[in-house]
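Model the placement of chain B on the given structure of chain A, informed by the hints.
Given next are the chains, with one letter for each unit.
Number of protein chains: 2
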Amino acid sequence: MISEVRQKATWAQEAAAAMNRMTTEQKNAALSAMADALIARQDELIAANEEDLRRGRENGTSPSLLDRLALNGDRIAGIAEGLRQIVELPDPVGELLERFERPNGMKVEKIRVPLGVIGMIYEARPNVTVDAAGLCLKTGNCVVLRGGSAALSSNRKIVEILKDALGSTALPGDALQLIEDSDRASVNEMLKLNGLLDVVIPRGGAALIRNVVENATVPVIETGAGICHVFVDESAQLEMAASIAFNAKVQRPSVCNSMETLLVHRKVAETSLAELLAPMLQANVEVRGCPDTQSLLDGVKTATDDDFATEYNDYIMNVRIVDSLDEALAHIRRYGTKHSECIVTETIAHAERFLQEVDAAAVYHNVSTRFTDGFEFGFGAEIGISTQKLHARGPMGLPALTSTKYRIYGNGQVRG
Amino acid sequence: MISEVRQKATWAQEAAAAMNRMTTEQKNAALSAMADALIARQDELIAANEEDLRRGRENGTSPSLLDRLALNGDRIAGIAEGLRQIVELPDPVGELLERFERPNGMKVEKIRVPLGVIGMIYEARPNVTVDAAGLCLKTGNCVVLRGGSAALSSNRKIVEILKDALGSTALPGDALQLIEDSDRASVNEMLKLNGLLDVVIPRGGAALIRNVVENATVPVIETGAGICHVFVDESAQLEMAASIAFNAKVQRPSVCNSMETLLVHRKVAETSLAELLAPMLQANVEVRGCPDTQSLLDGVKTATDDDFATEYNDYIMNVRIVDSLDEALAHIRRYGTKHSECIVTETIAHAERFLQEVDAAAVYHNVSTRFTDGFEFGFGAEIGISTQKLHARGPMGLPALTSTKYRIYGNGQVRG
Numbered sequence: 001m002i003s004e005v006r007q008k009a010t011w012a013q014e015a016a017a018a019m020n021r022m023t024t025e026q027k028n029a030a031l032s033a034m035a036d037a038l039i040a041r042q043d044e045l046i047a048a049n050e051e052d053l054r055r056g057r058e059n060g061t062s063p064s065l066l067d068r069l070a071l072n073g074d075r076i077a078g079i080a081e082g083l084r085q086i087v088e089l090p091d092p093v094g095e096l097l098e099r100f101e102r103p104n105g106m107k108v109e110k111i112r113v114p115l116g117v118i119g120m121i122y123e124a125r126p127n128v129t130v131d132a133a134g135l136c137l138k139t140g141n142c143v144v145l146r147g148g149s150a151a152l153s154s155n156r157k158i159v160e161i162l163k164d165a166l167g168s169t170a171l172p173g174d175a176l177q178l179i180e181d182s183d184r185a186s187v188n189e190m191l192k193l194n195g196l197l198d199v200v201i202p203r204g205g206a207a208l209i210r211n212v213v214e215n216a217t218v219p220v221i222e223t224g225a226g227i228c229h230v231f232v233d234e235s236a237q238l239e240m241a242a243s244i245a246f247n248a249k250v251q252r253p254s255v256c257n258s259m260e261t262l263l264v265h266r267k268v269a270e271t272s273l274a275e276l277l278a279p280m281l282q283a284n285v286e287v288r289g290c291p292d293t294q295s296l297l298d299g300v301k302t303a304t305d306d307d308f309a310t311e312y313n314d315y316i317m318n319v320r321i322v323d324s325l326d327e328a329l330a331h332i333r334r335y336g337t338k339h340s341e342c343i344v345t346e347t348i349a350h351a352e353r354f355l356q357e358v359d360a361a362a363v364y365h366n367v368s369t370r371f372t373d374g375f376e377f378g379f380g381a382e383i384g385i386s387t388q389k390l391h392a393r394g395p396m397g398l399p400a401l402t403s404t405k406y407r408i409y410g411n412g413q414v415r416g
Numbered sequence: 001m002i003s004e005v006r007q008k009a010t011w012a013q014e015a016a017a018a019m020n021r022m023t024t025e026q027k028n029a030a031l032s033a034m035a036d037a038l039i040a041r042q043d044e045l046i047a048a049n050e051e052d053l054r055r056g057r058e059n060g061t062s063p064s065l066l067d068r069l070a071l072n073g074d075r076i077a078g079i080a081e082g083l084r085q086i087v088e089l090p091d092p093v094g095e096l097l098e099r100f101e102r103p104n105g106m107k108v109e110k111i112r113v114p115l116g117v118i119g120m121i122y123e124a125r126p127n128v129t130v131d132a133a134g135l136c137l138k139t140g141n142c143v144v145l146r147g148g149s150a151a152l153s154s155n156r157k158i159v160e161i162l163k164d165a166l167g168s169t170a171l172p173g174d175a176l177q178l179i180e181d182s183d184r185a186s187v188n189e190m191l192k193l194n195g196l197l198d199v200v201i202p203r204g205g206a207a208l209i210r211n212v213v214e215n216a217t218v219p220v221i222e223t224g225a226g227i228c229h230v231f232v233d234e235s236a237q238l239e240m241a242a243s244i245a246f247n248a249k250v251q252r253p254s255v256c257n258s259m260e261t262l263l264v265h266r267k268v269a270e271t272s273l274a275e276l277l278a279p280m281l282q283a284n285v286e287v288r289g290c291p292d293t294q295s296l297l298d299g300v301k302t303a304t305d306d307d308f309a310t311e312y313n314d315y316i317m318n319v320r321i322v323d324s325l326d327e328a329l330a331h332i333r334r335y336g337t338k339h340s341e342c343i344v345t346e347t348i349a350h351a352e353r354f355l356q357e358v359d360a361a362a363v364y365h366n367v368s369t370r371f372t373d374g375f376e377f378g379f380g381a382e383i384g385i386s387t388q389k390l391h392a393r394g395p396m397g398l399p400a401l402t403s404t405k406y407r408i409y410g411n412g413q414v415r416g
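So the protein lines, in turn, are chains A and B. Take the first sequence: its position 315, counting from 1, is numbered 315 in UniProt numbering, and each next residue is one higher. Take the second sequence: its position 218, counting from 1, is numbered 218 in UniProt numbering, and each next residue is one higher.
Chain A extracted, bound-state conformation (with noise of 0.2 Å):
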């Protein structure tokens, strides 16, 4: 018997040529479909995060993953409107991006074009299913998604509500499907799909995203991993680079754009160290600190080379002292996660190299990491982040989920 994974892969796949030839118009329409379907039927959608919510207490999940599980009127008008600001994004499909003609008289085109199937592999928070929904059949994408077992029925629910409306429009309602087997293999079994699925892209934890990375065989996008540096250089202004760094580590330590390593140069911290960490400590930061941070600042734990390598995603932090740009460009080379890092800094040249060299998706001068974001680039919604350099690297907009293909038209043109 043909196993859930590959039946539905199947059906979205199937249902990829017909995506591929809707009309933005027609995709839009869908979007607003759904949109207006999630709100009319938000009672059924909060009954079934009701069950998902009471799973959750009598397993033990911990308050702060319930409160990201939750579902309320609220909270489902902002993922209807999240929606409605898709419909209004520019649709990057049937883009001509390059037009010529050869010597030979043959003329080339290469359109933007749908990925095909993507297969989203993701954990608790329902409004992921919505998004992904959205992002991939506003770009004339079908999507595959598996969501974590602790939404399942959330999930199922909404994507039953999705399916409904698209019913209503010229949508396939094939495009869209969940994997609703909870058990770990039928992740595994996504990510050999090649033929099925044209991507797979995970969106979770560390130990989601290195699962996807070792076991996939159809191409991945990988998103999320952020060991963010902020380098507060000799000539920083100090007011400033207390400001980005306590934005960069403060304002949501559980994301991945957010601030892990502080890297002080050596004559700001003389002076000025205790001043810098003062809004942390007065935050409840728990600092961890080179033998440097601990002579200079009291109570502070030392900083392993473990934790140096740790995403925190929680309100600890480490600080480094260095003694010079170089200094500080080699700790980012070894402990970087080549997502966002920042330079705080007066001095143009230090800038210029730290912009230049260092091998990251986003490179900060006097801006907090916090801004690695699609809505703050002004993208809008975005399907994640990517810390990969192969085809989107960054905030992944609509076009990341696009491909391209050449059309060339002629008269009889043969190779000599």
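Hint data in this document are derived by calculation from the structure and do not stem from the laboratory. Accuracy of the hints is not assured; some may be wrong.
All copies of an identical chain are treated as equivalent in the list; a pair is satisfied when it fits inside any one copy or across any two copies.
With a cut-off of at most 20 Å between alpha-carbon atoms, the simulated DMTMM-like pairs for lysine to aspartate or glutamate come out as follows [stated by the list, open to error]:
(1) K107 to E160
(2) K163 to E4
(3) K192 to E14
(4) K192 to E214
(5) K192 to E357
(6) K301 to E44
(7) K301 to E270
(8) K301 to D181
(9) K267 to E239
(10) K107 to D373
(11) K110 to E352
(12) K110 to E357
(13) K192 to E4
(14) K107 to E376
(15) K110 to D373
(16) K110 to E376
(17) K110 to E81
(18) K107 to E357
(19) K163 to D323
Coordinates of chain B only, in the frame set by chain A:
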């Protein structure tokens, strides 16, 4: 002890920052020095190549493979000329792709950067060693080359000559690495070097590519497999159709953009199948056909399901008679490898549907599939032809060997 593969990849990784700083002039000077050195030391190279040829003859290698392996003065001059052509190509690195300012005043730039370290895994021909080195270095990348064991002596000498040439230039010699361990395990070790290699590009036969796709945890750009079709529609000009089909099959059967299967509309087949296939039979192409083909033409073997799914790379082809454009599209959907597909027709609506609906890197109207090639598209030398949809699709010119990076400039912006 560290393995050869890991050691050399580490050296390449350590050279990446220096490569990233090289100017276009410095890179071009290095490529020119490499070309000069190949010419100046051609006698050494021919002697090394003779070792490979002798070993090949002893092992019973076929004359055609030995011919592909052989180097002589003319071929070396051609290879050196290839490097000089890469010098002439525009350098994509540093190109400003986007620039915008956000309402909070931060300025965002998206620029092209090198990928970093590229792993190339390929088979026999030693010219690939030079091409890959030239393309990767021109784009500011380091490269770890792993060629076939049949060309090991040639490849070792080529890399010795190229690295010696780099010694007189600004480029770090470690940017260029050759894996000499000819055990298959060295390939599989490369495929898992996440953190040292940014991408692996396989170039070779189906088995090599399948091994890379199935075992790599490093991102892969899949190249090469081509089961390409020519569909002769009801309204096709017969002479043009015969000429295109013949060119697509016979001009160079061993390459990926050659035709494996000819699809013929029933109306054309009934009147003109013999005429369409006459040039093929004269060129000693073995024709395998569907039952309808067999009933129209004597002496045609049966084309099995496996035949339709085989890339012959040889003087063999399949013929299938179809009732409609839809049947042709369905056949291509089932057996095509998303490489290059052609329709010969005078019916514009059919051409438009074919070019829209066929999911392939290059789709042709009244042009031979043989044009899917970097030189033919005017891109210059290519590192391969991508048959996947991520990152690059079709002939990969220099921009396919780059990634991007966001540089953000501000004056203390923090996220609210």
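Practice prompt. Go through the copies and call it for K301 and E270: within, between, both or neither, with a Cα cutoff of 20 Å.
Written response: within (18 Å within a copy, 85 Å between copies)
Worksheet item: Given identical chains, is K110 near E376, meaning Cα to Cα at most 20 Å, within a copy, between copies, both, or neither?
Response: between (30 Å within a copy, 15 Å between copies)
Worksheet item: Between copies, within a copy, both or neither: which fits K301 and D181 at Cα up to 20 Å?
Response: neither (44 Å within a copy, 46 Å between copies)
Discussion item. Treating 20 Å as the Cα threshold, decide for K192 and E4: within, between, both or neither.
Written reply: Classified as within: same-chain Cα gap 14 Å, cross-chain 30 Å, threshold 20 Å.
Worksheet item: Using 20 Å as the alpha-carbon threshold, which applies to K107 and E160: within, between, both, or neither?
Response: Answer is neither; intra-copy 45 Å and inter-copy 42 Å both fail.
Worksheet item: With identical chains treated as interchangeable, where does the CA-CA distance between K192 and E214 reach 20 Å or less: within a copy, between copies, both, or neither?
Response: both (11 Å within a copy, 9 Å between copies)
Fill in: Identical-chain pair category, K110 with D373, by Cα at 20 Å
Between copies only: 14 Å across, 28 Å inside.
Discussion item. Please sort K163 with E4 into within, between, both or neither, judging by C-alpha distance up to 20 Å.
Written reply: within (17 Å within a copy, 54 Å between copies)
Worksheet item: Under a CA distance limit of 20 Å, which applies to K107 and E357: within one copy, between copies, both, or neither?
Response: between (40 Å within a copy, 19 Å between copies)
Worksheet item: From the Cα coordinates, with 20 Å as the cut-off, is the pair K107 and D373 best called within, between, both, or neither?
Response: between (38 Å within a copy, 14 Å between copies)
Worksheet item: Which holds for K110 with E81 at a C-alpha limit of 20 Å: within a copy, between copies, both or neither?
Response: Close neither inside one copy (33 Å) nor across copies (29 Å); limit 20 Å.
Discussion item. Cα distance capped at 20 Å. Does K163 pair with D323 within a copy, between copies, both, or neither?
Written reply: neither (59 Å within a copy, 35 Å between copies)
Checked against the numbered hints given earlier, the structure breaks hints 1, 5, 6, 8, 17, 19 and satisfies all the rest.
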